[in-house]
Structures are given as C-alpha cells and as structure tokens.
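Visitor: Residue strings, one per chain:
2 protein chains.
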Amino acid sequence: MTDELRIFRNFIKKNNIKNSRSREKILEIFLNTEKHISIYELHDLVKRQYPEIGLATIYRAMNIICRSDLAETINIGDGVKRFEHKYGHRHHDHLICIKCGKIIEMHNDDIEEIQKKMCKKFDFKMTDHKLQIFGYCKNCLD
Amino acid sequence: MTDELRIFRNFIKKNNIKNSRSREKILEIFLNTEKHISIYELHDLVKRQYPEIGLATIYRAMNIICRSDLAETINIGDGVKRFEHKYGHRHHDHLICIKCGKIIEMHNDDIEEIQKKMCKKFDFKMTDHKLQIFGYCKNCLD
DNA sequence: TATAATAATGATAATGATTTTCATTATTAG
DNA sequence: CTAATAATGAAAATCATTATCATTATTATA
Ligand SMILES: [Mn+2]
Ligand SMILES: [Mn+2]
Ligand SMILES: [Zn+2]
Ligand SMILES: [Zn+2]
Numbered sequence: 001m002t003d004e005l006r007i008f009r010n011f012i013k014k015n016n017i018k019n020s021r022s023r024e025k026i027l028e029i030f031l032n033t034e035k036h037i038s039i040y041e042l043h044d045l046v047k048r049q050y051p052e053i054g055l056a057t058i059y060r061a062m063n064i065i066c067r068s069d070l071a072e073t074i075n076i077g078d079g080v081k082r083f084e085h086k087y088g089h090r091h092h093d094h095l096i097c098i099k100c101g102k103i104i105e106m107h108n109d110d111i112e113e114i115q116k117k118m119c120k121k122f123d124f125k126m127t128d129h130k131l132q133i134f135g136y137c138k139n140c141l142d
Numbered sequence: 001m002t003d004e005l006r007i008f009r010n011f012i013k014k015n016n017i018k019n020s021r022s023r024e025k026i027l028e029i030f031l032n033t034e035k036h037i038s039i040y041e042l043h044d045l046v047k048r049q050y051p052e053i054g055l056a057t058i059y060r061a062m063n064i065i066c067r068s069d070l071a072e073t074i075n076i077g078d079g080v081k082r083f084e085h086k087y088g089h090r091h092h093d094h095l096i097c098i099k100c101g102k103i104i105e106m107h108n109d110d111i112e113e114i115q116k117k118m119c120k121k122f123d124f125k126m127t128d129h130k131l132q133i134f135g136y137c138k139n140c141l142d
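In the order they appear, the protein sequences are chains A and B.
The first sequence maps to residues 1 to 142 in the numbering used here.
The second sequence maps to residues 1 to 142 in the numbering used here.
There may be inaccurate statements among the hints.
Treat identical chains as interchangeable: a pair holds within one or across any two.
Said to hold, decoys possible - Here are the simulated BS3-like cross-link-like pairs (lysine-lysine), alpha carbons at most 25 Å apart as the crow flies: (1) K138 with K99; (2) K102 with K130; (3) K138 with K121; (4) K25 with K13; (5) K99 with K116; (6) K25 with K35.
In short, the hints are calculated from the structure, not lab data.
Treat the numbers as computed from the prediction; the structure is a model and nothing was measured.
Sequences and hints are given; from them, build the entire structure.
Guide: And the structure:
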C-alpha cells in the first residue's frame, strides 16, 4: 500500500467517514497525474475507467483529499480551482504562462525568509501564502 | 479636472467608446473610496446617489476603468473580484487577514528583485505577479 | 450472516458571481 | 436636427460550485 493510501485511510477512519470504492479510485487517478488538474479534467479522466462516477462525487472526493493533506488547491484567477499533490511535495510558487497555460514550479528560500520578515514588521501571523508570476514561458516567446 | 478623469477621458476617446454620465459617476465614487471594493459594495455606494444605476453598468464601467489602468482587480480566493486604485499607487503585495478580512499593503524591493532573478532562471518573461500572504492581523490575534 | 443505522452516490436543482441579450435611451458626428 | 451607434437596466444565460433527495453501499453488531 502506498504512503498516500495509508494516510487517506487513516484520515477516513479518524473522521467517521465511510470507505468508498469510488473515492479511492478518484484518489488513485488523481495521484497518477502530475498536472495541476481541474475537477472537470479529473472527471474526464475518471470517466474513462469508471463512467458511472458523477461530477458531484469528484467534488466531494477532492474536498476530502484536500482535508487529508494529500492535495491542495491553486487558483490562477480564471475561475476554476485546480488541484495538485501535497504529500511529498514541498511548498513552491508558480510561474504561469498566460499564452499556453503551462505552470512552472519554483522555490526560493530567500523570498520565503523576506516574507516572514515582512509579516513580523506588520505583526501579522502568516498561515499560508501564494506567489504567482504571470507571463510567457520559454516556448511562447515568439 | 483630476489626472484620473483626464486619463479616463483620453482612454474613452482613443477607443471609440462614447462618454456616459453614469460611467463617470461610477469612476468618481470608486476613486473616492480607498477600499479594496467589490462590485456589489460599489453598487451599494453608487445607488445611494444614483439609485437608477444598475449592477451590469457597474460591471461594464469597472471593466473599462481597469482597461484604462486606473484600477486593477485583486482576487483573494473567496470568489469575488475586488478593485483597487492603480493610478498613483505603486505595485504592492497583500497581507490578508482570514478572520476580519483586513487587507494590509506592503512592498519589498528584495522580493521583487529575486522574482526577476527566478524568471531569468526559467527563461520566463514576467508580465505581472501577485503575492498574497494569508493569516491573522494584529487585532485578530486572540 | 442478517439487519439496522447511516454515509455515499448520481441526478438534478439551487446558488452566486459574472456576462449576455435586447428593447429603449443617450451621445455624438455631420 | 438627424442618423448612426454606443450605453443602459432588466432580465435571461452562463459557469463553477454546492445542496437536495431518493436510492445504494458500507459497517457495526446482533
Ligand atoms: Mn504546483
Ligand atoms: Mn492593495
Ligand atoms: Zn507558454
Ligand atoms: Zn484581522
């Protein structure tokens, strides 16, 4: 059994949620993609193997998967939530190509440090942050 | 006439848009608030002086005001776009209190510099970026 | 294993922000 | 002043997401 499945089942047990075949299939398919994936795209993927699974079930499953800390959402401002793996992936920021939609992941410790410093300056207790850089990726520069 | 009104009328002229009383009133009221304001809130404000102005007109006006670079949108992830002044306000990032909704503005040149460096590293041509830090403001810490 | 309690499901309706449509009104060039 | 056309408000449409509800699946326990 994978770490992720173990974590998921633990979360299910701890929260008086019942097990469900569908939900574990959704988790499996989500974990097998490396995209920043929307509900709609994930539903499409899931339907290929399990055509009977409805959209609402994907919403409900991804909600629980996020609460179990296996996924988190990103919002690039186009009105659609996307999901990415959280387990085994350290915090990172995103470079988002406004032409092709490509999302590049990056991390920089200095930025993180300065952020903390700025929070201290404003007596602000940070719980989370997101840095998104919009522009053109390598391939989309003429 | 204010700088802003001049810029606005120039933009109107350059883009074959007709002048409109309502639109300039919306602009005026928007410029008189210093909040990060939603369409709904702005409509409420506008209705006090001009009860006949409809919601769609606020949407249409703010869209043009943004295109004229007098305003820009921020999206703090609650599904509602907010607008803030752009003219005469340099770029800044936001600390967003997840309890009371307060938005603190901050700017740090080092962060901006590192961002540019990271873009170079990935051959990415930045057009825009946003950094949002979520947490608790001074007043909301117990 | 059978059963009762209850959570999960899919279809569909509801919601909320935003956009579009359309008939009417306002602006503007000539 | 008039014709052309953009702007308007009301209402309908759209789109992502959430809630509802009757049915099905899971699970604890008798
Ligand atoms: Mn990512
Ligand atoms: Mn601001
Ligand atoms: Zn690209
Ligand atoms: Zn606060």
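Visitor: Hint by hint, note whether the structure agrees.
Guide: Verification of the hints:
Proximity of K138 and K99 under a CA criterion of 25 Å is satisfied intra-copy only: 11 Å inside one chain copy versus 40 Å between copies. In the homo-oligomer, the alpha carbons of K102 and K130 lie at most 25 Å apart both inside one protomer (17 Å) and across protomers (17 Å), since each shortest distance falls under that limit. Proximity of K138 and K121 under a CA criterion of 25 Å is satisfied inter-copy only: 11 Å between copies versus 37 Å inside one chain copy. Taking identical chains as interchangeable, the C-alpha atoms of K25 and K13 lie at most 25 Å apart only when both belong to the same chain, with a minimum of 17 Å there against 57 Å between chains.
Taking the shortest alpha-carbon separations for K99 and K116, only the inter-copy value of 19 Å comes in at or below 25 Å, while the best intra-copy value is 32 Å. Taking the closest pair of Cα atoms, K25 and K35 come within 25 Å of each other only inside a single copy of the chain (17 Å); across copies the shortest separation is 45 Å, beyond that limit.
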